[in-house]
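Student: Turn these sequences into a full structure, and let the hints steer you where they fit.
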Amino acid sequence: MSTVQDFTGYQPTWCPGCGDWGIGIAIKSALVQLGLSPSSLFVAFGIGCSGNMNDFLNAYAMHGLHGRSIPNAIGMKLANHKMTVLAVVGDGDCYGEGGNHFLHACRGNHDITVIVHDNRVYGLTTGQSAPTAQKGYKSKSTPLGIIEESVDPLSLALTQGATFVAQAFAGDTIHLGQMIKQAIEHKGFSLVNILQPCLTFNKINTYQYYMKHVYKLDDTHDKTNMLTAVNKARGVYEEKYALGVLYQVEKTAFHEQIVQLDSTTSLKDRDKFTDYNQLLPYFK
Amino acid sequence: MKTFVWKIGGEAGFGIMTTGLAFSKIVSRLGYQMFDYIEYPSLIRGGHNAYEVVVSDDRVGSSPGSIDFLVCLNKQTFELHKDQLSDNAFIIYDKDEFIPETKSTLIHVPFKKILFSLKGQQIMKNTIALGASLALLGTDLKIFNELISQQFRRKGEDVIKFNEQFAEKGYAYIIEHYKENIQQVLLPLNSESQLVMTGNEAFSLGAVIADCRMYVAYPMTPSSSVLTTLAAWQKTSRMVVRHAEDEISVINTALGGSFAGVRSAVGTSGGGFALMVESVSYAGIAEIPLVIFISQRPGPATGMPTWTEQGDLLFTVFAGHGEFPKIVLAPGDMEEMVGLTTEAFNLADIYQIPVIIMSDMYLSESHSNIKESFVTDLIKNYQVNRGKTITQTNTTPYLRYSDSSDGISPRLIPGVAGSFYQANSYEHFEDGHTTESAEERIKQVDKRARKIRTYFNNDFKTPMIYGNFNEAEVVFVSWGSNKGVILDVQKKLRSRVKTAYIHFTHVYPLKKEAVIPLLNQDKRYVLIENNAEGQFGKLLQMGLGISFSETILRYDGRAVSQQEIINKVNLK
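Residue numbers (the working numbering), protein chains in the order written: chain C, 1 to 284; chain R, 1001 to 1572.
Hints listed in this document are in silico derivations from the structure and should not be mistaken for laboratory results.
No incorrect hints appear here.
Each pair of labels, with its calculated beta carbon distance range:
#, chain 1, residue 1, chain 2, residue 2, range
1, R, 1219, C, 135, 33 to 43 Å
2, R, 1302, C, 271, 36 to 46 Å
3, R, 1404, C, 218, 57 to 67 Å
4, C, 82, R, 1453, 34 to 44 Å
Note that the structure is predicted; figures quoted are calculated from it, not measured.
Just so you know, even glycine gets a beta-carbon here, dropped at the ideal spot from N, CA and C.
Tutor: Quick look at the structure:
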């Protein structure tokens, strides 16, 4: 059995009080509870404060380019589908720069877990507006207030085919850990959007703000009803943030539908192709 | 040497491509060497398609520029190509469509009437025309009928028979009406078995031979047929072929696959590669092997999508922000495409860098034949060389980027119990963790750069020289797909002037001490490139201080022609 210590790399460089600390702990405890080890785990990190978890979380990891973690994760899964695959990304990373990859990964139902640090601001570049910033939010890049409506990532995921959509709050690491654990256990594309205060640059969406505006979905919520889930997701525009699993259905994952992959042997481990008598007649 | 050119033209969207390929396969199976070239607009329907096949009993790699047999499925074909007709040309046409005004021999075949009488569709005009062509060229329908059977096998015997009768009608019409015009130019030769393939198919085959297990692409002319070929083969080859949402996803999926341990490749043209460039840089710093196939077309931007150019060499060589090594290879024909592709996968693994194969529309979409034994020997002899890739390590912690004298660190395939590491796009320590230390930075930059020295020592290939270099008065210098036309011109000039051709395949980086002695002799050097700025010449100027006073640079979307090289040589 692995321990939280096994997953712990270098000392984090996040600001004191940053939501990333809680997320880091929640991820590690979920991994331990699932009996995973750093050697059985692929993580694709994005670029941003979230991506900087690369040095603090032990795994076989790609710390790639801003916005491009999801395709990295998809490639890793296809090459070795026996490994668990996470993408640890930020809101700008996943919903801005990499928005196209996000919607297509939902469509594909790739068996990866996307963990989004949604603090609604760009921290690492010192305080510009993120795609999830509320309309009118004033930042260094939008001093007169951002004109666009914020992205609604949960609805986006729901309507594009994600089979597991959850939201959590970085201030409640126990619940967050449960969401991450369920997301990893889910077969197919899973999203955990984490509402996360940025103490340094976002003075609006603070811990206090979220304490006031979040609520947990109770047992009466039907996880299999997409329209109900979308309704809950749209609460973002009324400052009502649902926490919990909004939606979960079982569907065949992308790699399970690739006929040349079999369940027992990964692409990496299969034998080399040798039957050229099947190919050469094509050229005659 | 006996060489002739057969060309068929008609309205786009009506089967010209299929018919041209059938002709290429027929002459190849009869034992002839062939090279074909297609002209088509960037449209699905409408516009003009033409398919030209050069047939020879000797190796051939370009068009002589004249046409001996022109099959006109419409009037436009004649109008567009009449100036290229050779002195003794034949024209196959239908007088119910138009009557050509020409001194060439006219061979009327009633396409329309035959179609009508057999209740055929427009597309079957091609079948009649090919049947008639084969009769006129003095061969039979045996191989053509085999190809028809192959093509319609799944649709059943009736469909096969239905199609065959169009070929038979065209054939019979010639035998009946033009017996005295029949040319005996396709008598079967005793040659060994040959394969007909395009450059894109040659890359695809090379990738399979090299044990590439993941190919990711987004369609872009003229690279798309690599994607469709490998996708068509995937159930057989068991390669994972992914058509991703955009080129950025394409390269990052492939990098994910490669990091996880499978040989991976991507393919695109210049515009798609432009989107990938940031990720090429990631492959550079994270030292992830990757093979990138680029089939060039004239730019900038959308340019001329279905035409040819070598305009992306400097862009490719310098692609990626920051400083890191990469290797660029440029095959000149099908053998080199298959061979260099298999080599590229080894080089990518050995040096843990991006290796780029440069093609262009001309090489990618033209067919040529290669000996089947060349391919089967390659399959038999090819060794997958993964360099310092390891599947176990005793080192704790495992140092992914450990400093080494050759610049290459052992690369552990992820998944091994007890280890872990990251492929970091930030500058990193030897263990992969992010650093901003000046000392560590220098260590890693120097380590990566050292790979090039190792490459020069172990794997750089000095350019091939065709012809007798010491005796040559004129020395052609070129790279990639111009090889075919230059070799053909050398044969034509043989009786008049001694020439040599320095053919570069390993175009970047260039090992100075190996290349300079070839280029600083007292010779008349002529640089030949399919671009406006002489990009390879600039690369030689920059890296080696060598410049050219004589150049042939073509950038109208067409390949360099035999005649313009001959004219240039004759100028003095």
